[in-house]
Amino acid sequence: MQNTLRKSHIIADRTATVSRLEEVVATSDEFDQVVAQALPILLDRAAGYTKRFLRETGQWNDDIEHEKFALRWGSEYLERFLVCGRTEVPCRPLFLFDSLVAKQHSRPEPFCYHPDLLKPLGRFLDGLVARAVVSRDALIALYHHSYGWGAGDVIAVTGLNGLESQRIYKNFRRWRESGWQRTMDEIGLTKMELAELENQRQRHRQRFNSEAERLIRVAQGHYRKSEPDHYPCLSRSQWGEMFSQGYGCDYRIWHLALCLDCMQTAWGLGSSGSSAGEKPRLELQVRP
Amino acid sequence: MGQEEDLELYRLQLLESMSERPSHSGRGLLDPIQVYVNERRVGELRGAEIEATLNIHGVDHIETVQLRTEDGRLLGGLVAPESGFRTNRVGLSADMVELCVHNTVQGGSLSAVFIPAPSFWTRTRSLLADIVDRWRSRRPDAVMAYGFRTVAFTQALLAIAVVGLVADRVMIWMAPEHIIAPTVQAEVLRTASIGEIEQLAKQLRELRSMQTKVGEALQSQEKGMTLLHQTMARLSSTQESVASSVVMVKEEMEKRQESPERETDRPTQFPAGKGLVDQEQFEVAIHGLAADNERLSKQIAGLEEHNRMLTAKLQTAIAHVAKAVEQNPERVVAREADLSRKHQLVPVADSRQSTQGQPFLFWVTFSEGTTQESIDQWVNGMKGHKGAQNEGWQEVQILPPPVPPDLFLEQIRGEKIIKEARLNH
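Just so you know, the sequences run in chain order A and B. Just so we're aligned: 203 in the working numbering is position 203 of the first sequence, and the numbers increase by one with no gaps anywhere. Just so we're aligned: 1086 in the working numbering is position 86 of the second sequence, and the numbers increase by one with no gaps anywhere.
You may find that some hints are simply not true.
Said to hold, decoys possible - Here are the simulated lysine to aspartate or glutamate pairs, DMTMM-like style, with alpha carbons at most 25 Å apart:
id : chain 1 : residue 1 : chain 2 : residue 2
1  : A       : K170      : B       : E1044
2  : A       : K119      : B       : D1006
3  : A       : K7        : B       : E1005
4  : A       : K103      : A       : E56
5  : A       : K225      : B       : D1060
In case anyone wonders, no lab produced these hints; they're calculated from the structure.
I would like the entire structure built from these sequences, with the hints used as guidance.
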């Protein structure tokens, strides 16, 4: 009886919140206020839309991995809505939210979907690379997670100058302090799953790394599109000129972190050129 | 069941992180702000305590602009209109980023300006700098010199102000008897002369006008500073575009260097090949002409030979004819007469052949008293038919006569019943 009452209360609250979202909000503050009260509804709504998109495109399976995937992307859309929606006032928040999600889903390949990327290793890699696109800390940390390098190695490999070097150390520090954990939370990897990944890495190193290389290529291929248009793959001579003349710091940092092949191509052109030995292979690190 | 709990936990975790959203706290004071257009990273604003500008121009329409910290937190942004302007000020603690998007048919442009929070001293300094700048001639290209000048002058002015204040305080402390109570002040005013009051009023007016002038000067300096900032922004955007152009040019040069042989050989090989082909064509043409020439010379020689043979035959024939004439001259004359008659008859026969298909029409008038019977007999005798009659003239249609028309008409006119004859009515 109590349960029924509670449920009916929840339903009434949801209905009231939804109808409030359908009304016009006139100011940014009002928008913040209305939306803050409706976060669970909006998250479920966005996840529902993502689920429908996956079903309609034949990419859906009734399992927890797909549910988590839909929730993850729902939260991405919600985050963007929270920030950008307040500039759209006056508006009806619910309709604005629906249009934002629809716009995302109308794009070609709105997110990186691959069945293997829904498994713990795939989720880890996908989450890492996806985060690298929006976070410089994660981008720099990608060098560590891919090759096991520290800040000094990254500076040497990418041939950075003094000012940029300081930044790399800060990126590493912030990633260790909070970035890695936040990313793991966002992609929904539990402590057990992380421990299992670590275990696999130690016990079956070669198999683990070759599988990771296969999956990271899928993720990198998708997320590299978020780079500026003028950051394509280059030949060794082109990389060489860039390194020797000292331009394109951003180019080097962004592209080499997100492209295994170019890392092989440009290997040894940085300040570690003289001591460069064997070309780097993927040595996936789970912990920061 | 465990999976459902796991999922619910994940959902709650996401909601929690969403509702926390400490958007500004994640950014260090000196950390650059990452700028994303249409979810692609386009650059960063490196604004610590100074203004920084990022200008982006592209052929694609701008849909969204996002500002993120180094650790990926979304600080703010805007959704751009399909066409036209949209601006938004994103507050980052005390600092501010001003976004301005302009979408046109040709593409979109973004201007992001980082405006640091002005401190009290910064504001005072800039105020004084404006005044100083008004008094001195300003050169826009000497930005550094301007900064040093401003700082030096501000410091001097502050020192003078502090010294003045201290001196004032000291004077007050040293001469307490000079402090006048408000009641005494009123008494003094009452006892003061009109001249003194007028002088005071004059001084007040001067002070007011000076205040007004200072206000105007401040306003004009503010405008000047705005212009200067705009110029700086344009300059930085130009620098960026120049830098990107340099990169593009370098890439282009590299591409060209990669395939130098292909590109350089192609134009030289092409004319050489073309020359060879032309030469071969010329040679073939010359060979053809030579062969033709040879054939023609052979034909000419053959013709000359044939001509010589014909000449010889002609001479032989002439000789035979001459012998024959000498033997029978009458037969020759008769033959010549026959020949001439034949030549005369040929055109008549020809003309008959040509006109045989068509009837011959002519008009006649008959002599007075000629009966219709006689006329009919005459027409029948001509093997013809009567045609139309007009003004006494009778049209007659016969087979083409064997003689020319004029001669034929002349012959008819000679007949008894015919008065006149002609071809046309």
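Quick rundown of the hints versus the structure:
Note on K170(A) and E1044(B): the hinted pairing holds, with a Cα-Cα distance of about 17 Å set against a maximum of 25 Å. Between K119(A) and D1006(B) the alpha-carbon distance is near 15 Å, which keeps this suggested pair within the 25 Å criterion. A distance of roughly 19 Å separates the Cα atoms of K7(A) and E1005(B); the hinted pair therefore holds under the 25 Å criterion. At roughly 16 Å between alpha-carbon atoms, K103(A) and E56(A) fall within 25 Å of each other, so this suggested pair holds.
Taking the CA atoms of K225(A) and D1060(B), the gap is about 15 Å. The hint holds against a cut of 25 Å.
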